[in-house]
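Since chain A is already given, all that's left is putting chain S on it; use the hints.
In order, the protein sequences belong to chains A and S. Numbering-wise (our numbering), the first sequence opens with residue 481 and increments by one. Numbering-wise (our numbering), the second sequence opens with residue 371 and increments by one.
Heads up, some of the hints might be wrong.
Label-pair distances were calculated between CB atoms; the ranges are [unchecked claim]: (1) 421/S - 489/A: 20 to 30 Å; (2) 546/A - 438/S: 44 to 54 Å; (3) 448/S - 540/A: 34 to 44 Å; (4) 443/S - 489/A: 43 to 53 Å; (5) 375/S - 552/A: 45 to 55 Å; (6) 440/S - 616/A: 43 to 53 Å; (7) 545/A - 425/S: 29 to 39 Å.
Going by beta-carbon spacing under 10 Å, a handful of chain A positions derived as facing chain S [unchecked claim]: (8) 515; (9) 556; (10) 569; (11) 570; (12) 583; (13) 606.
Just a sample of chain A residues kept apart from chain S, beta carbon distances all over 12 Å, derived [said to hold, decoys possible]: (14) 488; (15) 513; (16) 564; (17) 573; (18) 592; (19) 614; (20) 618.
No lab work stands behind these hints, which were simulated from the structure alone. All C-beta atoms in this analysis are idealised placements derived from N, C-alpha and C, irrespective of residue type, glycine included.
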Amino acid sequence: MSLLRFLAQLHGHFGWLTAAALLHPALLLQARRGRGVALVATILTVSSVVFGSALYPSYRGAIKRPLFLLDSRLGWAFERKEHLAFAAATCALLGLAAVELAVRRPDERARYLQLARRSYGAAFVFAVAVGLIGTLVASVRGF
Amino acid sequence: MRGERLTIWLPPLASAPLVYAAARLIEARLGTPVDPATVFWTTPIALFHRFALVGYASLLLALVTHVVARSHPAFPLRAAERLLPLSAIAIVLQVVFVP
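Chain A on its own, in the form it takes in the complex (with noise of 0.2 Å):
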């Protein structure tokens, strides 16, 4: 098994890990004890991201080309994953600012985590799209 197939492999569980991390807060976020949860749901977000943007020269040299000769939807439909995982990461760092200003701002509490709960949904959102995505790629064509 080569290096590269165990790194997007691992990548790959690492995304869904963070579909499921960022699902918490959506859900059940509070001020206080949320913060935890947020910060980790957002690291999560953020590092699976990174992982992907340092995984993509590597695809693009050897899977990009075969992948669009052998199905070109399946080739743009991995071009829109990383698009989406960019709204996801940003979605997340909302969500982490607003539960940071909802301890620090009690008088707008409640509306400081509305904002985190929409951030982290979307995030959420797009988080399952990109996992979709990069499983039904994986499961035709990987390193």
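Okay, now just chain S, sitting in the frame of chain A:
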């Protein structure tokens, strides 16, 4: 100090997917579509430039937010609340129509 510095980053973060979608649209308009023979993009704006554009736009928006928030303290939160759904819709539309 109750998070004033942090609040100015709410609108830039909420609008980042929207700006990213706009940057991708500009890239698609200026560049050539994917060539199935080589499958390498030859666009004037590469991924790095897309991120750079988002970064510059975020800094600019943070500055604007900082200025506006001095007279309207509720502005950052309200702007982020409005921008988040717009951003989500924009990135979905971009992903569907300009992948």
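Handout entry: Pairwise beta carbon distance, residue 545/A to residue 425/S, judged against the given window 29 to 39 Å
Key = 30 Å, holds
Exercise for the section: Double-check residue 515/A for me: the hint is only fine if its C-beta lies closer than 10 Å to a C-beta in chain S. Expected result: 13 Å, violated
Practice task
Against chain S, does residue 573/A hold up as non-interface, every C-beta pair farther apart than 12 Å?
Solution key: Non-interface label on residue 573/A violated, nearest chain S Cβ at 5 Å vs cutoff 12 Å.
Practice task
May I ask you to test the hint 45 to 55 Å on the CB atoms belonging to residue 375/S and residue 552/A?
Solution key: Holds - the Cβ-Cβ distance for residue 375/S and residue 552/A, about 46 Å, lies within 45 to 55 Å.
Handout entry: Distance restraint evaluation - residue 448/S, residue 540/A, Cβ atoms, bounds 34 to 44 Å
Key = About 41 Å separates the Cβ atoms of residue 448/S and residue 540/A, which means 34 to 44 Å holds.
Exercise for the section: Confirm or reject the claim that residue 443/S and residue 489/A have a C-beta distance inside 43 to 53 Å. Expected result: Hint holds: Cβ distance 49 Å, inside 43 to 53 Å.
Practice task
Run the C-beta distances from residue 488/A to all of chain S and say if the shortest one exceeds 12 Å.
Solution key: 19 Å, holds
Practice task
Taking the shortest Cβ-to-Cβ distance between residue 592/A and chain S, state whether it exceeds 12 Å.
Solution key: With a cut-off of 12 Å, residue 592/A comes too close to chain S, as the shortest Cβ separation is near 7 Å.
Problem - Non-interface label on residue 618/A, tested against every C-beta of chain S at 12 Å - result: 18 Å, holds
Problem - Interface exclusion of residue 513/A relative to chain S, criterion Cβ beyond 12 Å - result: 19 Å, holds
Exercise for the section: Against chain S, run the beta carbon of residue 569/A and see if the smallest gap drops under 10 Å. Expected result: 9 Å, holds
Practice task
Given the range 43 to 53 Å, decide if the beta-carbon distance of residue 440/S to residue 616/A lies inside it.
Solution key: 49 Å, holds
The structure does not agree with the numbered hints 8, 16, 17 and 18 stated previously, though it agrees with the rest.
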